[in-house]
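**Q** Below, each chain spelled out in residue letters.
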Amino acid sequence: MTSKLRARAAVVGIGTTETWNNPGQSSLDQLAIAVQRAAQDAGIAMHDIDGLFTSTLSHLMPALSVAEYLGLRPKVMDGTNIGGSSFIGHLSHAVMALEAGLCDVACVCYGSNQLSAGGKLATLSEPPHWEVPYGPRFPISGYALIAQRHMWDFATSREHMAEVVVASRAWAKLNPLAFEQGDLTVDDVLASRMVSDPLSKADCCLVTDGGGAIILTRADRAKDMPHPPVYVLGAAAAATHRFISSMPDMTTTGAVQSSKAAYDMAGLGPDQIDLLQLYDAFSINVILFLEDLGFCAKGEGGPFASGGRIAPGGALPVNTNGGGLSCCHPGMYGVFALIEAVTQVRGQAGARQVGKFETALVHGTGGQMSSHATAILGGASTV
Amino acid sequence: MDTSPITPELTYRNALKEGRFMLQVCSGTGRAVFYPRVTSPWTGNPLTTWSQMSGQGQVYSTTTVRRRADKGGDYNVAIIELAEGARMMSRVENVTPDKVEIGMDVVAKIITSPDGEPIIVFVPKAGVAT
Chain A
1 MTSKLRARAA VVGIGTTETW NNPGQSSLDQ LAIAVQRAAQ DAGIAMHDID GLFTSTLSHL
61 MPALSVAEYL GLRPKVMDGT NIGGSSFIGH LSHAVMALEA GLCDVACVCY GSNQLSAGGK
121 LATLSEPPHW EVPYGPRFPI SGYALIAQRH MWDFATSREH MAEVVVASRA WAKLNPLAFE
181 QGDLTVDDVL ASRMVSDPLS KADCCLVTDG GGAIILTRAD RAKDMPHPPV YVLGAAAAAT
241 HRFISSMPDM TTTGAVQSSK AAYDMAGLGP DQIDLLQLYD AFSINVILFL EDLGFCAKGE
301 GGPFASGGRI APGGALPVNT NGGGLSCCHP GMYGVFALIE AVTQVRGQAG ARQVGKFETA
361 LVHGTGGQMS SHATAILGGA STV
Chain B
1 MDTSPITPEL TYRNALKEGR FMLQVCSGTG RAVFYPRVTS PWTGNPLTTW SQMSGQGQVY
61 STTTVRRRAD KGGDYNVAII ELAEGARMMS RVENVTPDKV EIGMDVVAKI ITSPDGEPII
121 VFVPKAGVAT
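So the protein lines, in turn, are chains A and B. In terms of our numbering, the first sequence has 347 at position 347, counting the first letter as 1, and numbering is strictly consecutive. In terms of our numbering, the second sequence has 126 at position 126, counting the first letter as 1, and numbering is strictly consecutive.
Don't read these hints as lab results, they were simulated from the structure. Treat the numbers as computed from the prediction; the structure is a model and nothing was measured. Quick reminder that beta carbons are idealized off the backbone N, C-alpha and C, glycines included. Be a bit skeptical, because a hint or two may be false.
[To be verified] Computed beta-carbon distance windows for the label pairs:
(1) A:G101 x B:R13: 47 to 53 Å
(2) B:T96 x A:E99: 45 to 51 Å
(3) A:T185 x B:T39: 48 to 54 Å
(4) B:G44 x A:P312: 47 to 53 Å
(5) A:K201 x B:E117: 28 to 34 Å
(6) A:P312 x B:T43: 46 to 52 Å
(7) B:S51 x A:A191: 54 to 60 Å
(8) B:R20 x A:A155: 37 to 43 Å
(9) B:I111 x A:S125: 22 to 28 Å
(10) B:I111 x A:G355: 54 to 60 Å
(11) A:P270 x B:T39: 46 to 52 Å
(12) A:E126 x B:P118: 19 to 25 Å
Excised from the complex, chain A in its bound form (with noise of 0.2 Å):
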């Protein structure tokens, strides 16, 4: 059963820092140009935007911080922290607005410049007061505990996780805007220093600068933009837990509630999406979502990741930029999922883009594999 909320508003600009290091530069300003290349791609003014949807690592109140950098009046505003997900989040809270007239161009945006600010990852996160006596760490630990799990149920190694590395590496090598280009094999990430077993710090997603938005409308007026809109065909959340001990199951995540939400609004199943970009914000995250998302059983991430099924000329293409592996990692990554999976329906990936891509499904995760949302989105065949 499809909503009415499929396909009412589309994406009809995109727009990034296409830099991951950018010394003298605060979160807002990168927010900021971000914002502007998004605005000049979809034909408007910037203060045409009347919608603001974002949230930062580094703003309590990020609506308000946002609007008054930008010098915005927003009819509508939602600063919905739900960690690096929170970008998917807002996607199905901006339709809403959008189709009920409330606002009439949206815009989700976000900045940071956790690279050069020191490479510490910013956040004006509570601490979690029943797991800091432990010492875990922020938030590697917790996806290290989620892995370890992973491979005792299921005999996940740590060369598959290997592999989804290596394939973000050979997908980065295709985009000249991606942070890391270097040869990268299997071994040179069993090789890395090992930081919360079973990860290395190769499993890690890497730190840098950037900003990322995008602008939306309802789907008439999307028809007289510039480039081809892309559509929000289905779009929702899920949220399990906060911090990784509240996590009911381990090796299953919201993933299967937000997808399965999503694909319903669509219309569409797994069978029918011809590209993903998962928040790979740990390597174990491809593994759990390829599960979760219904493109393998339970327990076969691991294998089905493996071989280059997820790579360039594989079967399966995920995360065709490089992802938050290889290409850029500003803390929250979300709106570089949803950036991407835009590119490559609208066919402007360059030497990336292997087909012509009609379906993308966007999947991001928050915190500590605590929140969820999934995006599936399409070009004009589907609508």
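Given the coordinates of chain A, work out where chain B should sit on it, guided by the hints.
**A** Okay, now just chain B, sitting in the frame of chain A:
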């Protein structure tokens, strides 16, 4: 009718200070709840019953957090599932981190953390005299 204020975390910490590992038990599921709170995360109903834990548990997952030797060396962080059904973060002591395994039977122990608060850690059951 009990009109005393509901103070889940205070009740938990006061019991620990007296050497007792007490948790609330969800009447709907029969499972102990960690961390202490007003309502059951599984049923939404008020949590009204406190029960002393047996201290028996199993390692549900485990990681070795790598740390430079001059900063104290590697250490264990684990998720422990108690026999009463609750899961909590803790660590397994009396064994090197690389020997902590999923499924290992462990027993709770109350210690004082460096900041002076009583906390729960676990030791392998195999090494505990019964």
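**Q** I want to verify a distance hint. Is the separation of the beta carbons of S51 of chain B and A191 of chain A within 54 to 60 Å?
**A** Given range 54 to 60 Å: violated, Cβ gap about 49 Å.
**Q** If I claimed the Cβ atoms of R20 of chain B and A155 of chain A lie 37 to 43 Å apart, would that claim hold in this structure?
**A** Given range 37 to 43 Å: holds, Cβ gap about 41 Å.
**Q** Given a hint of 46 to 52 Å, does the C-beta separation of P270 of chain A and T39 of chain B actually sit inside it?
**A** Because 36 Å falls outside the window, the suggested range is violated.
**Q** Against the range 46 to 52 Å, how does the distance between the Cβ atoms of P312 of chain A and T43 of chain B compare: consistent or not?
**A** With a Cβ separation near 49 Å, P312 of chain A and T43 of chain B satisfy 46 to 52 Å, so the hint holds.
**Q** If I claimed the Cβ atoms of G44 of chain B and P312 of chain A lie 47 to 53 Å apart, would that claim hold in this structure?
**A** holds (48 Å)
**Q** At the C-beta level, are T96 of chain B and E99 of chain A separated by a distance inside 45 to 51 Å?
**A** violated (58 Å)
**Q** Holds or violated: 54 to 60 Å for the Cβ distance of I111 of chain B and G355 of chain A?
**A** At roughly 59 Å between Cβ atoms, G355 of chain A and I111 of chain B fall inside 54 to 60 Å, so the hint holds.
**Q** Confirm or reject the claim that I111 of chain B and S125 of chain A have a C-beta distance inside 22 to 28 Å.
**A** holds (27 Å)
**Q** Using the Cβ atoms, figure out if G101 of chain A sits within 47 to 53 Å of R13 of chain B.
**A** Because 52 Å falls inside the window, the suggested range holds.
**Q** Is 19 to 25 Å a correct range for the gap between the Cβ atoms of E126 of chain A and P118 of chain B?
**A** Holds - the Cβ-Cβ distance for E126 of chain A and P118 of chain B, about 22 Å, lies within 19 to 25 Å.
**Q** State, for the Cβ atoms of K201 of chain A and E117 of chain B, whether the hinted interval 28 to 34 Å holds or is violated.
**A** holds (33 Å)
**Q** If I claimed the Cβ atoms of T185 of chain A and T39 of chain B lie 48 to 54 Å apart, would that claim hold in this structure?
**A** Holds - the Cβ-Cβ distance for T185 of chain A and T39 of chain B, about 51 Å, lies within 48 to 54 Å.
Of the hints listed earlier, those the structure fails to meet are numbers 2, 7 and 11, in rising order.
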